[in-house]
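Peer 1: What follows is the residue order along each chain.
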Amino acid sequence: MQNTIKKLFKRTETYIFLILLALSVLIQVRSGQFYTPNNIVDIMSAMIVPGLFAVGAFLVILSGGIDVSFPALASLTAYATTKMFLDMGYEGNVLLPILAAILIGGILGMINGFFVGYLELPAMIVTLGTSSVFKGFMQGTLESRQLAVIPAGMKSFGTSSLFTATNTQSGLSSRLPAAFLVLVLIVLIAFLILKYTMFGRGIYAIGGNEAAAYNAGFRVKRTKFLLYVFAGVVASIAGMIRVCMMQQCHPTNMLGMEMNIIAGVVLGGTVIGGGRGTLTGCILGTLLIVLVENSMILIGVPVVWKDVFVGLLIVIGTAISAYQVTRSGRSKGNRKQTEEVA
Amino acid sequence: MTDYLLRAVEVRKYFAGVKALDGVTLEIRPGEVHCLAGENGCGKSTLIKIISGVYQRDSGTIEFDGKELTKITPISAIMNGIQVIYQDFSVFPNLTVMENLAINSQLVEKRKIVNWKNMRKIAEQAVARIDFKVDLDAQLGELSVAEKQMVAICRALMFNAKLIIMDEPTTALTKKEVKALFKVILQLKEQGISILFVSHKLDEVFEISERFTVFRSGKLIATGDTSELDNQKFTYYMTGREFEVKPFVPAKLTPEPLLEVEKLSLDGFYSDISFSVKGGEILGVTGLLDSGRTELALSLFGMRPVTGGKIKIRGKEVELKDPQTAIANKIGFVPEDRLSEGLFLDQSIGDNIAISVIDELTSRGLMDKARYQGEIDKWVKELSIATPDPGNAASTLSGGNQQRIVLAKWLACKPDVLILNGPTVGVDIGSKYDIHQILQKLAGNGMAVIIISDDLPEILENCSRVMVLKDGRMAGEFGTSEASEKMILDKMM
Numbered sequence: 001m002q003n004t005i006k007k008l009f010k011r012t013e014t015y016i017f018l019i020l021l022a023l024s025v026l027i028q029v030r031s032g033q034f035y036t037p038n039n040i041v042d043i044m045s046a047m048i049v050p051g052l053f054a055v056g057a058f059l060v061i062l063s064g065g066i067d068v069s070f071p072a073l074a075s076l077t078a079y080a081t082t083k084m085f086l087d088m089g090y091e092g093n094v095l096l097p098i099l100a101a102i103l104i105g106g107i108l109g110m111i112n113g114f115f116v117g118y119l120e121l122p123a124m125i126v127t128l129g130t131s132s133v134f135k136g137f138m139q140g141t142l143e144s145r146q147l148a149v150i151p152a153g154m155k156s157f158g159t160s161s162l163f164t165a166t167n168t169q170s171g172l173s174s175r176l177p178a179a180f181l182v183l184v185l186i187v188l189i190a191f192l193i194l195k196y197t198m199f200g201r202g203i204y205a206i207g208g209n210e211a212a213a214y215n216a217g218f219r220v221k222r223t224k225f226l227l228y229v230f231a232g233v234v235a236s237i238a239g240m241i242r243v244c245m246m247q248q249c250h251p252t253n254m255l256g257m258e259m260n261i262i263a264g265v266v267l268g269g270t271v272i273g274g275g276r277g278t279l280t281g282c283i284l285g286t287l288l289i290v291l292v293e294n295s296m297i298l299i300g301v302p303v304v305w306k307d308v309f310v311g312l313l314i315v316i317g318t319a320i321s322a323y324q325v326t327r328s329g330r331s332k333g334n335r336k337q338t339e340e341v342a
Numbered sequence: 343m344t345d346y347l348l349r350a351v352e353v354r355k356y357f358a359g360v361k362a363l364d365g366v367t368l369e370i371r372p373g374e375v376h377c378l379a380g381e382n383g384c385g386k387s388t389l390i391k392i393i394s395g396v397y398q399r400d401s402g403t404i405e406f407d408g409k410e411l412t413k414i415t416p417i418s419a420i421m422n423g424i425q426v427i428y429q430d431f432s433v434f435p436n437l438t439v440m441e442n443l444a445i446n447s448q449l450v451e452k453r454k455i456v457n458w459k460n461m462r463k464i465a466e467q468a469v470a471r472i473d474f475k476v477d478l479d480a481q482l483g484e485l486s487v488a489e490k491q492m493v494a495i496c497r498a499l500m501f502n503a504k505l506i507i508m509d510e511p512t513t514a515l516t517k518k519e520v521k522a523l524f525k526v527i528l529q530l531k532e533q534g535i536s537i538l539f540v541s542h543k544l545d546e547v548f549e550i551s552e553r554f555t556v557f558r559s560g561k562l563i564a565t566g567d568t569s570e571l572d573n574q575k576f577t578y579y580m581t582g583r584e585f586e587v588k589p590f591v592p593a594k595l596t597p598e599p600l601l602e603v604e605k606l607s608l609d610g611f612y613s614d615i616s617f618s619v620k621g622g623e624i625l626g627v628t629g630l631l632d633s634g635r636t637e638l639a640l641s642l643f644g645m646r647p648v649t650g651g652k653i654k655i656r657g658k659e660v661e662l663k664d665p666q667t668a669i670a671n672k673i674g675f676v677p678e679d680r681l682s683e684g685l686f687l688d689q690s691i692g693d694n695i696a697i698s699v700i701d702e703l704t705s706r707g708l709m710d711k712a713r714y715q716g717e718i719d720k721w722v723k724e725l726s727i728a729t730p731d732p733g734n735a736a737s738t739l740s741g742g743n744q745q746r747i748v749l750a751k752w753l754a755c756k757p758d759v760l761i762l763n764g765p766t767v768g769v770d771i772g773s774k775y776d777i778h779q780i781l782q783k784l785a786g787n788g789m790a791v792i793i794i795s796d797d798l799p800e801i802l803e804n805c806s807r808v809m810v811l812k813d814g815r816m817a818g819e820f821g822t823s824e825a826s827e828k829m830i831l832d833k834m835m
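Protein sequence lines, in the order shown, are assigned to chains A and B. Here the numbering used here is used: position 162 in the first sequence is 162, and no number is missing along the way. Here the numbering used here is used: position 132 in the second sequence is 474, and no number is missing along the way.
The hints are simulated quantities; they were obtained by calculation from the structure and are not laboratory data. Some clues are possibly wrong.
Okay, derived cross-link-like pairs now, DSS-like style, lysine-lysine, Cα gap no bigger than 30 Å in a straight line [to be verified]:
| id | chain 1 | residue 1 | chain 2 | residue 2 |
| --- | --- | --- | --- | --- |
| 1 | B | Lys463 | A | Lys6 |
| 2 | B | Lys504 | B | Lys475 |
| 3 | B | Lys605 | B | Lys672 |
| 4 | A | Lys7 | B | Lys490 |
| 5 | B | Lys452 | A | Lys195 |
| 6 | B | Lys454 | A | Lys195 |
| 7 | B | Lys723 | B | Lys575 |
| 8 | B | Lys620 | B | Lys575 |
| 9 | B | Lys490 | A | Lys195 |
| 10 | A | Lys6 | B | Lys459 |
| 11 | B | Lys812 | B | Lys658 |
| 12 | B | Lys525 | B | Lys475 |
| 13 | B | Lys490 | A | Lys10 |
| 14 | A | Lys221 | B | Lys723 |
| 15 | A | Lys195 | B | Lys518 |
| 16 | B | Lys518 | B | Lys531 |
| 17 | B | Lys475 | B | Lys409 |
| 18 | B | Lys561 | B | Lys723 |
| 19 | A | Lys10 | B | Lys459 |
| 20 | B | Lys518 | B | Lys561 |
| 21 | B | Lys361 | A | Lys221 |
Residues of chain B clear of chain A, computed beta-carbon distances all greater than 12 Å [claimed, not checked]:
| id | residue |
| --- | --- |
| 22 | Asp545 |
| 23 | Glu661 |
| 24 | Ala735 |
| 25 | Met816 |
Glycine included, C-beta positions come from ideal geometry on N, C-alpha and C.
Chain A with its partners taken away, still in its complex shape (with noise of 0.2 Å):
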């Protein structure tokens, strides 16, 4: 019993975990607004974009990459997504635009995966690159604009709710949408595929020790590949949603939120050079970016002040973690020396 909590206060989770918890009491005192059903249910359907831009940018980085093109790659396939059945009158449910943008989020993904698996080049410059070259061809070749319309299928999977959760106090009430169920579902996925699959053991083993992956026998340019088309896929599944969401398409509004996904994703103790790292951290990471983008306000902290808290945050979070790798690396050099000594 001694050991797992001993074991446990090792773990990064566990921190982030104890800090969220202190925040959402700290809310709650100051606030009396945070453990309220419809403030609950907002947060979980805030968590739904960042929590699968999240899924994809774990799931590279834990390989020992980076991606920063995903808010492009999103934003471009949702537009030309939501772009393409409005022009063809579509009146379906939402299944077939969601499978076209996963195959639009697949192909551009295979653009990351084959410069970066195949031809090897340094995944934080390909990812720049295509990032610029998804938004350029979006604002360009597209010529994107606002669509404050979008196909009935989507508005109705965007308002179609699980439940509603009322604040008996305020009268307020939240709905859950349904679009939570598919980031549950791609969560599952993720941890299926890196605890039973191969592949996903084989992304442990790359962001690890990369040389030894491919001795081993991994097909280490194939995961790779593979894994950017993953986190392509995953990442278009996001930017449909949010469209979804939103009941319009703003081509521009997603740009700019890799910083913080990564962020959270490092906070929640996925080290930055790959291999270490698990989901639950990533979720709870990105959940605490998530709570402090949208909870301090009801703390009392004025909306422009929200980016200097997330980036004190990131900054205390990483060091910490940071920290933690030099003290235990210090400790593992004193154990040695006392070998020596005996």
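Since the structure of chain A is already known, use the hints to place chain B on it.
Peer 2: Then chain B, alone, in the frame of chain A:
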């Protein structure tokens, strides 16, 4: 004729037109420990990578276990029973010991889905084979180097390995760990597994192997029974040169010591250390890893300022509180880990040499290009650094040549006292000999040299006196002419 387990015949390999292997042959018998030796860049690593499927050969034949292997991939090599334990062990620091052990077999079986129960069973069997005790759920990164190596060996044993190739397996091990490794190797041999042991350490080759093969510059130089080999022959095969080992005899000493220390202490590391070195002398300092030898060296260069005692340079007391003061007092220091502390690997060889005297090579704040180049050319020639162009990055050189750059850098500042910590660690025999000659010449020219090393033959051959440290205290001091390895070891332990 004996049947061979592995016959690699007339193997050739070119890299961008450069010959890495020029028709080499390597034959290994079943159940033998075979040593493959050669200096850095002789092609031994290239051949290993060809045998294990990392590189493809350009010509030549490879027969293994009676059948010819045409195209080798990493997986097919493993399936055939060829296993390589690389210097970095090719392990995953972020995964558990269990997964490190079992993942290869999962890949070989072309599994797509992970079966954790099965993996644990495989891992348990693997460690049982050489009776290795380890926590299977520990993260591999938390193990010691020797333990990581054992994990790599256990992993190698799993696929009915018939040949295990170990690439310089003893580099990062302590003497005790090397002993343990040799015990495991003999155990494997008893199980009928052949071992190809890559090393350039003479004593290890003699101790463990029955037969040997030596490569030089991509060519096969010699192969045969280790029993017919001696030190001199082996060195000659490796380098193509004959070395005459002559113990260092100080020529003329300065009347006064250049460096004197009295009752020097650094809390927690060493205490009460007194010695003096005259110009023209080479003092050896030796001791176990935790004896305080490294900290003493760092203190004398101002990197770990002392907490007690006096340091005198040319009779004048000085306080060495940082490397800048040490340099100002004409002390030079060649650190233990040249890669991380002594060199700018990505910078050019020339820049690495000139860095320590860069102030002197500038006039009115601008660099004097001609003098800069002159300085570089002088040292490249003086220390015969083997490079086609001093403009190349330092990382392009072999260990021995890199060490020469570090030396050149310090010699350019014309120090009175030169301290070297492990000057020939990871350096091949030829360069080692050359570095020793350089050090002896420097002492001959009146410099005071301190060599800190646990390589006892190195100390005995090159130093006039040796000081032995144990647990941070002086355990003995000998003139090297009357000292033996055994005397020193007795004081060390």
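Peer 1: Would you check the hint for Lys518(B) and Lys561(B), treating anything up to 30 Å between C-alpha atoms as holding?
Peer 2: Between Lys518(B) and Lys561(B) the Cα gap is close to 34 Å, so the pair fails against 30 Å, i.e. violated.
Peer 1: Given the hinted pair Lys221(A) and Lys723(B), is their alpha-carbon gap at most 30 Å?
Peer 2: Judged against 30 Å, a Cα distance of about 45 Å means the pair is violated.
Peer 1: Holds or violated: Lys504(B) with Lys475(B), Cα cutoff 30 Å?
Peer 2: 24 Å, holds
Peer 1: Are the Cα positions of Lys605(B) and Lys672(B) separated by 30 Å at most?
Peer 2: 22 Å, holds
Peer 1: Holds or violated: are the alpha carbons of Lys361(B) and Lys221(A) at most 30 Å from each other?
Peer 2: Between Lys361(B) and Lys221(A) the Cα gap is close to 28 Å, so the pair holds against 30 Å.
Peer 1: Would you say Ala735(B) is clear of chain A, with no C-beta pair closer than or equal to 12 Å?
Peer 2: 19 Å, holds
Peer 1: Are the Cα atoms of Lys195(A) and Lys518(B) separated by 30 Å or less?
Peer 2: 39 Å, violated
Peer 1: Lys723(B) and Lys575(B): Cα distance at most 30 Å?
Peer 2: 29 Å, holds
Peer 1: What's the verdict on Lys620(B) and Lys575(B), does the C-alpha distance respect the 30 Å limit or exceed it?
Peer 2: Violated, because 37 Å separates the two Cα atoms, which is more than 30 Å.
Peer 1: With 12 Å as the threshold, tell me whether Met816(B) passes as away from chain A on beta-carbon distances.
Peer 2: Holds: least Cβ distance 18 Å, greater than 12 Å.
Peer 1: Just to be careful, I want the Cα atoms of Lys812(B) and Lys658(B) compared with a cutoff of 30 Å; is the pair within it?
Peer 2: 29 Å, holds
Peer 1: Below or equal to 30 Å on CA atoms is what counts here, so check Lys454(B) against Lys195(A).
Peer 2: Roughly 12 Å separates the two Cα atoms, so the pair holds.
Comparing the model with each earlier hint shows violations of hints 8, 14, 15, 17 and 20; every other hint is respected.
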